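Protein chains: 2
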Amino acid sequence: MKISDLFLVTLKDIYFAERQLLKALPKMAKAARSDALRTAFTDHGEQTQGQVERLQRVFEILGKRPAGQTCEAILGLVQECEELLAEAPTPSAVRDAGLIACGQAVEHYEMARYVSLIAWAKLQKQDEIASLLRANLAEEVAADDLLTEVGETSVHADARADA
Amino acid sequence: MKISDLFLVTLKDIYFAERQLLKALPKMAKAARSDALRTAFTDHGEQTQGQVERLQRVFEILGKRPAGQTCEAILGLVQECEELLAEAPTPSAVRDAGLIACGQAVEHYEMARYVSLIAWAKLQKQDEIASLLRANLAEEVAADDLLTEVGETSVHADARADA
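Chains as they are written, first to last, in my numbering: chain X, 1 to 163; chain R, 1 to 163.
No wet-lab data here; the hints were simulated from the structure. One should not assume that every hint holds.
What the hints assert, rightly or not - Subject to a maximum C-alpha distance of 30 Å in a straight line, what follows is the list of computed DSSO-like cross-link-like pairs (lysine-lysine):
1. R/K27 / X/K122
2. R/K27 / X/K2
3. R/K64 / R/K12
4. X/K27 / R/K12
5. R/K64 / R/K125
6. R/K23 / X/K27
7. X/K64 / X/K125
8. R/K64 / X/K27
9. R/K27 / X/K30
10. R/K12 / X/K23
11. R/K27 / R/K12
12. R/K23 / X/K12
13. X/K2 / X/K64
14. R/K12 / R/K23
15. X/K12 / X/K27
16. R/K12 / R/K30
17. R/K30 / X/K122
18. R/K122 / R/K30
19. X/K12 / R/K27
20. R/K30 / X/K2
21. X/K64 / X/K23
22. X/K122 / X/K12
23. X/K122 / X/K2
24. R/K23 / R/K64
25. X/K30 / R/K30
26. X/K2 / X/K30
27. R/K12 / R/K2
28. R/K125 / R/K23
29. R/K2 / X/K23
30. X/K2 / R/K23
31. X/K12 / X/K64
32. R/K122 / R/K64
33. X/K30 / R/K12
34. X/K12 / R/K2
35. X/K125 / X/K2
36. X/K64 / X/K122
Stated by the list, open to error - Every beta carbon over 10 Å from chain X, so not counted as near; a handful from chain R, in silico:
37. R19
38. A29
39. Q49
40. G68
Being a predicted model, the structure only gives us computed values, none of them experimental. The C-beta atom is built at its ideal place from N, Cα and C for all residues, glycine as well.
Hey, can you work out the whole structure from these sequences and the hints?
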C-alpha cells in the first residue's frame with residue numbers, strides 16, 4: 001500500500017460521507033424547531049454541495065473518476081439522528097439540542113478526515129489538492145462553531161425549561 | 001423527551017464507545033510499526049480505562065446502573081480500522097499513517113460527544129458531572145494532538161519514502 005492508495009480510499013470515504021449529508025441536512029433542517037438551527041442546517045447543506053464539487057475537482061486532478069466508498073461511520077451517525085427523531089417525534093428545544101449534537105458529531109468526523117487527507121496531500125507535494133481540502137476543512141470548523149453558538153443562544157435555555 | 005433523557009442516552013452511547021475502544025486500542029498498538037505510535041495507542045488504552053471509570057461515576061451520581069447503548073458510529077470507525085489492516089496486512093509506515101487517521105477519527109467522535117454532554121450537564125447545574133466529562137474531553141484532545149505529532153515526527157517521512 002502506498003500513501004497515494006491510502007489517500008484515494010479516504011477520499012472516496014469522505015466523498016460518500018458528504019453525499020450522504022447532502023441528503024440528510026435538508027431533513028435535519030426540516031426537523032429543527034429553532035429558526036436559527038434550521039438556517040444553520042440549510043446553509044450548511046448548500047455549502048456541502050460546494051464541498052462535493054471541490055472533492056470532484058480533487059478526483060479530476062488525480063485523473064480518477066469521482067466515486068464513493070461506503071462509510072459505515074457516517075451511516076451510523078445519520079442513523080443516530082434518525083433514531084433521535086423517531087424517539088422524539090414532536091419538535092422541541094430538547095430535540096433541537098439532540099440535532100445539534102448529531103450535527104457536531106458529523107462535523108467532527110469530517111474534520112478528522114480532512115486533517116488526515118491534507119497531511120497526506122502535503123506529503124505528496126499536491127498543493128492544489130491540499131488547498132481544496134483546506135477550504136472544506138475551514139467550512140466544517142465554522143459549521144461546528146456555528147452549531148455551538150446556536151445551542152447557546154437559541155436552544156439550550158428553552159431545553160432547560162423543558163427539563 | 002427531557003434534557004435529562006437526551007443526556008442519559010448520549011452517556012450510554014459514549015460508554016459503549018469507550019468500552020469498544022478498550023478492546024480496539026491494544027489491537028491498534030500491536031499493529032503499529034512505529035514505536036512512538038505503539039506507545040501512543042498503549043498509553044491511550046490505559047487512559048481509556050480511567051475514562052470508563054469516570055463515566056461509571058457519572059452513572060452513579062445520576063443513580064443509574066452503568067449501561068452501554070450500541071453506537072453504530074463507533075462500530076463503523078472500528079470496522080474501518082479492521083478493513084485497513086486487512087487491506088494492508090504487512091506493517092508499514094503507510095499503514096501507520098492509516099492507523100493514525102483511524103485513531104483521530106475516533107478521538108474526534110468522542111470529542112463531539114463530550115462537548116454535547118458537558119453543555120447539557122452545565123444546563124442541568126450538574127457541576128461534578130461536567131467536571132468528570134471535561135477530564136475525559138481534555139484527554140481526547142491531548143490524544144488527538146499526540147497522534148498529529150507522531151505522524152509528523154515518526155511516520156509521514158517514511159510513508160513518503162514508500163510512495
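Now for the hints, and whether the structure bears them out:
For a cut-off of 30 Å, the pair hint linking R/K27 to X/K122 stands: about 29 Å separates their Cα positions. Under the criterion of a C-alpha separation no larger than 30 Å, the hint pairing R/K27 with X/K2 is consistent with the structure, at around 22 Å. Note on R/K64 and R/K12: the hinted pairing holds, with a Cα-Cα distance of about 11 Å set against a maximum of 30 Å. For a cut-off of 30 Å, the pair hint linking X/K27 to R/K12 stands: about 25 Å separates their Cα positions.
Among the hinted pairs, R/K64 with R/K125 is consistent with the structure: their alpha-carbon atoms are about 18 Å apart, no more than 30 Å. The hinted pair formed by R/K23 and X/K27 fails the criterion: a straight-line CA distance of about 35 Å is larger than 30 Å. Between X/K64 and X/K125 the CA atoms are separated by roughly 18 Å; this keeps the pair inside 30 Å, and the hint holds. The straight-line distance between the Cα atoms of R/K64 and X/K27 is roughly 33 Å, outside the 30 Å bound, and the hint therefore fails.
Restraint check for R/K27 and X/K30: the C-alpha separation of about 42 Å exceeds 30 Å, so the hint is violated. As the CA atoms of R/K12 and X/K23 are separated by approximately 27 Å, the hinted pair is consistent with the 30 Å bound. The suggested pairing of R/K27 with R/K12 holds, with an alpha-carbon distance near 24 Å, which does not exceed 30 Å. Distance check on the hinted pair: R/K23 and X/K12 sit about 27 Å apart at the alpha-carbon level, within 30 Å; holds.
A C-alpha spacing of about 16 Å is found between X/K2 and X/K64, which places the hinted pair at or below 30 Å, so the restraint holds. A threshold of 30 Å between alpha carbons decides the hint, and for R/K12 with R/K23 the separation of about 17 Å falls inside it, so the pair holds. Restraint check for X/K12 and X/K27: the C-alpha separation of about 24 Å stays at or below 30 Å, so the hint holds. Between R/K12 and R/K30 the CA atoms are separated by roughly 28 Å; this keeps the pair inside 30 Å, and the hint holds.
Taking the CA atoms of R/K30 and X/K122, the gap is near 28 Å; set against the 30 Å cutoff, the hint holds. Of the supplied pair hints, the one linking R/K122 and R/K30 is violated, its CA atoms being roughly 39 Å apart against a limit of 30 Å. Restraint check for X/K12 and R/K27: the C-alpha separation of about 25 Å stays at or below 30 Å, so the hint holds. Distance hint between R/K30 and X/K2 is fulfilled; the C-alpha atoms sit about 21 Å from each other, no more than 30 Å.
For the hint linking X/K64 to X/K23, the alpha-carbon distance of about 24 Å falls within 30 Å, and the restraint holds. At most 30 Å may separate the alpha-carbon atoms for a hinted pair to count; X/K122 and X/K12 meet this at roughly 18 Å. Simply put, X/K122 and X/K2 have alpha-carbon atoms about 15 Å apart, close enough for the 30 Å limit, and the pair holds. Among the hinted pairs, R/K23 with R/K64 is consistent with the structure: their alpha-carbon atoms are about 24 Å apart, no more than 30 Å.
As the CA atoms of X/K30 and R/K30 are separated by approximately 46 Å, the hinted pair breaks the 30 Å bound. The hinted pair formed by X/K2 and X/K30 fails the criterion: a straight-line CA distance of about 43 Å is larger than 30 Å. Note on R/K12 and R/K2: the hinted pairing holds, with a Cα-Cα distance of about 16 Å set against a maximum of 30 Å. This hinted pair does not check out: R/K125 and R/K23 have alpha carbons roughly 34 Å apart, beyond 30 Å.
Proposed proximity of R/K2 and X/K23 is supported: the alpha carbons are some 28 Å apart, at most 30 Å. Annotation: proposed proximity of X/K2 to R/K23 holds, straight-line Cα distance about 28 Å (limit 30 Å). For the given pair, X/K12 sits about 11 Å from X/K64 by alpha-carbon distance, which is consistent with the 30 Å threshold. For the suggested pair R/K122 and R/K64, the alpha carbons sit about 19 Å apart, so the restraint of at most 30 Å is met.
Between the alpha carbons of X/K30 and R/K12 the distance comes to roughly 27 Å, so the proposed pair stays at or under 30 Å and holds. A hinted pair counts as satisfied when its Cα atoms are at most 30 Å apart, and X/K12 with R/K2 does not qualify at roughly 38 Å. Proposed proximity of X/K125 and X/K2 is supported: the alpha carbons are some 15 Å apart, at most 30 Å. Between X/K64 and X/K122, the direct Cα distance comes to roughly 19 Å. Compliance with the 30 Å bound is thereby established for this hinted pair.
With a cut of 10 Å on Cβ distances, R/R19 stays outside the contact zone with chain X, its closest approach being about 16 Å. Distance to chain X confirms R/A29 as a non-interface residue, since its nearest Cβ pair spans about 19 Å, more than 10 Å. Even its closest Cβ contact with chain X, about 23 Å, leaves R/Q49 beyond 10 Å, as expected for a residue assigned away from the interface. Look at R/G68: its CB is around 14 Å from the nearest CB on chain X, clear of 10 Å, so calling it non-interface holds up.
Comparing the model with each earlier hint shows violations of hints 6, 8, 9, 18, 25, 26, 28, 34; every other hint is respected.
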